[in-house]
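*Asks:* Sequence:
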Amino acid sequence: MIPAVAGFNAFRKIRLVQIDGSGRRIYSDFDARYVAYSRNLPSRIHHSIKVQHVGNFFELEFKDWESRDKWRKAHTNVELFEGDVTPLKRVLADNPIHIGKQRRCYLDIETDSRVTPVQAIQGMARILSWAVVDSRGFAFQGCLNEDSNDAETQLLFDLIAALEPYDQVSGWNLDLFDKPVIDERAKLLEVKIPRYWNWIDQLATYKRFNLQVATSGDQKTSFKLGDIAQFEVGEGKSNFKSNRTWEEWAAGGARRRAMLEYNMQDADLLRKIEDKTNYLDMNFTIAQLCNIFPNSHSLKPTAQLDGYLLRLAHEEGFRLPSRIEREETEKAVGAFVSQPTACGILKDVFVADFSSLYPSIIETWNISYDTKLGPNDTGIPFALALNDVRYRTDHVGIIPRVTEEFGKLRTFWKSEKARLIAAGDTAAAKDADRRQNGFKVLRNSVYGILLSEYSRFYDKDLGEAVTRAGQWLIQSIAAEGEKLGYRNLYNDTDGAMFDGCTHGEFLQFVARLNDEYLPAIVSDKGCVTNRVAVDYQEAFERIIFPVNDGEPASKRYIGKFSFYQGRAVTGKVIEIKGMECKRGDSSRLGRRMQLEVIDRLMDGCEDPEIFVQMVETWKTKITTEDIPLEDIVMSKSVKSIETYKTKDVHGREKSLPAQARIAKELIERGENISSGDRVQYVVVNSLKTPMSLIPASDFKGDFDRRYVWERTYQPSMRLLTGAFPNDRNWLHWTIKKPKKKDIPLDNQLKLF
DNA sequence: AACTTTGGCGAGCGGG
DNA sequence: CCCGCTCGCCAA
Numbered sequence: 001m002i003p004a005v006a007g008f009n010a011f012r013k014i015r016l017v018q019i020d021g022s023g024r025r026i027y028s029d030f031d032a033r034y035v036a037y038s039r040n041l042p043s044r045i046h047h048s049i050k051v052q053h054v055g056n057f058f059e060l061e062f063k064d065w066e067s068r069d070k071w072r073k074a075h076t077n078v079e080l081f082e083g084d085v086t087p088l089k090r091v092l093a094d095n096p097i098h099i100g101k102q103r104r105c106y107l108d109i110e111t112d113s114r115v116t117p118v119q120a121i122q123g124m125a126r127i128l129s130w131a132v133v134d135s136r137g138f139a140f141q142g143c144l145n146e147d148s149n150d151a152e153t154q155l156l157f158d159l160i161a162a163l164e165p166y167d168q169v170s171g172w173n174l175d176l177f178d179k180p181v182i183d184e185r186a187k188l189l190e191v192k193i194p195r196y197w198n199w200i201d202q203l204a205t206y207k208r209f210n211l212q213v214a215t216s217g218d219q220k221t222s223f224k225l226g227d228i229a230q231f232e233v234g235e236g237k238s239n240f241k242s243n244r245t246w247e248e249w250a251a252g253g254a255r256r257r258a259m260l261e262y263n264m265q266d267a268d269l270l271r272k273i274e275d276k277t278n279y280l281d282m283n284f285t286i287a288q289l290c291n292i293f294p295n296s297h298s299l300k301p302t303a304q305l306d307g308y309l310l311r312l313a314h315e316e317g318f319r320l321p322s323r324i325e326r327e328e329t330e331k332a333v334g335a336f337v338s339q340p341t342a343c344g345i346l347k348d349v350f351v352a353d354f355s356s357l358y359p360s361i362i363e364t365w366n367i368s369y370d371t372k373l374g375p376n377d378t379g380i381p382f383a384l385a386l387n388d389v390r391y392r393t394d395h396v397g398i399i400p401r402v403t404e405e406f407g408k409l410r411t412f413w414k415s416e417k418a419r420l421i422a423a424g425d426t427a428a429a430k431d432a433d434r435r436q437n438g439f440k441v442l443r444n445s446v447y448g449i450l451l452s453e454y455s456r457f458y459d460k461d462l463g464e465a466v467t468r469a470g471q472w473l474i475q476s477i478a479a480e481g482e483k484l485g486y487r488n489l490y491n492d493t494d495g496a497m498f499d500g501c502t503h504g505e506f507l508q509f510v511a512r513l514n515d516e517y518l519p520a521i522v523s524d525k526g527c528v529t530n531r532v533a534v535d536y537q538e539a540f541e542r543i544i545f546p547v548n549d550g551e552p553a554s555k556r557y558i559g560k561f562s563f564y565q566g567r568a569v570t571g572k573v574i575e576i577k578g579m580e581c582k583r584g585d586s587s588r589l590g591r592r593m594q595l596e597v598i599d600r601l602m603d604g605c606e607d608p609e610i611f612v613q614m615v616e617t618w619k620t621k622i623t624t625e626d627i628p629l630e631d632i633v634m635s636k637s638v639k640s641i642e643t644y645k646t647k648d649v650h651g652r653e654k655s656l657p658a659q660a661r662i663a664k665e666l667i668e669r670g671e672n673i674s675s676g677d678r679v680q681y682v683v684v685n686s687l688k689t690p691m692s693l694i695p696a697s698d699f700k701g702d703f704d705r706r707y708v709w710e711r712t713y714q715p716s717m718r719l720l721t722g723a724f725p726n727d728r729n730w731l732h733w734t735i736k737k738p739k740k741k742d743i744p745l746d747n748q749l750k751l752f
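Per my numbering, residue 1 is the first one in the first sequence, and the count goes up by one each step.
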């Protein structure tokens, strides 16, 4: 196996990079090949297309990307495989290459603050300084000597030299700022940037991996480096004014040194964040498992699965479908979600969960592009999917084969982890843990690519076979529970909640589902092997669904566990789903008040009067006292400004949403706000339509107190209505006039 | 030579 | 006052 740390195009060649014993790069070149595979030889092949047998396929080789593309478009009737694959991906799939360990560094640059960030990424700002830190903490720095092209050229040369010993370069918002700035300046100054680095955006990496871990709303209000560093490593940025880099650089002496220090501090924060989170390491592990280089692109599931599957296909002599450009894809139906069937403080609620529902369905029904039967295919044994599409069962399909493999590899690395921990090898155990988690990530992303229009595996029949089976299974076990006299409270996708039974009864129920019921109903559909199973791991001592407009809401609840991860719980273990306190776009005071209410409710307080007092206290505080800015600002992310709908359905002009109006204003002032960035604003008058707002940075003390109270109270009100639906009129403390239908007379509340 | 999915909630906007 | 729509964010 060749351990390659990087690879890139180099004029009709693909150049792979290896590292020798003394850390020097060794290059090996491969032909850049533009190929496609076909089962049959298409008639009248032009002589410029080279054809040869490869396994059971004909390999068609074209002279370049354009000619392959043109031929594909002109011959859509010919079933071509892997006809989209880039030469680099081809080399990685077809050769005994594995992704070598990366020598990683962290990079941050400072640029001329006199031009806007938007202009800076167009190449209009000089780079004033750079800082590079590596995993061991070794640091390097460069500073512009004078305001001239020659000096900046030297600065870039020095940067290239500093990066030279590394393979992977990480930076915060690297893809949307530092990298484009460097590229543009290098182009302008005619400096050639080597191609052998894997550039990875640490912000994008953080966002991707942080999605999976439970976090509070407070942590989600900002993804600025300083705020994330504060949260992860308890260390913020200094008070250097980053919008005055030019002045500080120009002043020279101590002020210039302060700028350099600030620059270096940021680069070092990147290292500290990684040391804490290991997200870049996690991504490297996944990239390595998939035979792709660990750059920003490697964060995407399509890239990961493509890398893994192209290699597997090459090794085993099958071929993957070509990715085709689609106009637009039809929407597929997804999971089943029910509305909770009860309100109040519900006690002793039991949860049955399907383990790895979608992968287990794929394996059970053998759902794959290569097992799907057409309406005219007869005489072949099949499993019948719930969308009436049949999947042959006489061989295991590629897609289930892969989910199964991911599952087995995960099990293997889990046991390795345990073995290594027992052996006292913590470093290797950590690595094993990353691998088991990597295979979990990969296994769960397989379903996504069946319904992604950008994926070579897109097929609505495959994706819907999965989701409809899921709907059918969850509804089936919900009905089975009801047959036993349990009350089915709520279901979402793969989990069903019941009350009206005991722990022992529920254990038996779940055992019977697994031993008899599920195997029987699945076998009825023609499935040969059953991989579908439910797990009983959680029970709630109490659970509350919030209520809005008299209806309990789906996707939201608070609960206190009595049984968690398969074990009895004695302490206070709380679960909060979907509530405002977990959201980064809710009001800070709303989160605070809601957490206080949740805390009391979960402590077992069932006296509404206590909560009435709590509401009164909060209301007095908010309607009379001073409130700091941080409690008043709203924070939301924005998309790129052109993508907002400016017209309503009748074609009339309509105003943009609040966050977009603020973003637009900030962009006009020259700030660098791009898709995914968050903006902060204060509502000055909520009675106007549209509301009057100001950017948080303009705050001088003027804000709408009524609005702040509504945003604070509503999240708690809905929970209190859920807990005590008939004891109080919780609308009493709202400021906007209550609607008639909201007056909570018993006969007007549905469902209970 | 680059984009995992659908379901659902609540805020805000504006028309009828 | 009600409703349909968009948007951001979360559950799975």
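Worth double-checking, as some hints may not be accurate.
Claimed, not checked - Using 20 Å as the maximum straight-line C-alpha spacing, the simulated SDA-like pairs for lysine to any residue come out as follows:
#, residue 1, residue 2
1, K192, D218
2, K272, R256
3, K430, S415
Stated by the list, open to error - Computed spacing ranges between beta-carbons, pair by pair:
#, residue 1, residue 2, range
4, L507, G604, 23 to 31 Å
5, L507, L731, 41 to 49 Å
6, E596, I160, 50 to 58 Å
7, E551, I193, 55 to 63 Å
8, E505, G448, 51 to 59 Å
Hint data in this document are derived by calculation from the structure and do not stem from the laboratory. For every residue, glycine included, the Cβ atom is placed at its ideal position computed from N, Cα and C.
*Asks:* Could you run down the list of hints and mark each one as holding or not?
*Replies:* Verification of the hints:
no. : hint                     : result
1   : K192 to D218             : violated (43 Å)
2   : K272 to R256             : violated (25 Å)
3   : K430 to S415             : holds (12 Å)
4   : L507 to G604: 23 to 31 Å : holds (25 Å)
5   : L507 to L731: 41 to 49 Å : holds (42 Å)
6   : E596 to I160: 50 to 58 Å : holds (54 Å)
7   : E551 to I193: 55 to 63 Å : holds (58 Å)
8   : E505 to G448: 51 to 59 Å : violated (37 Å)
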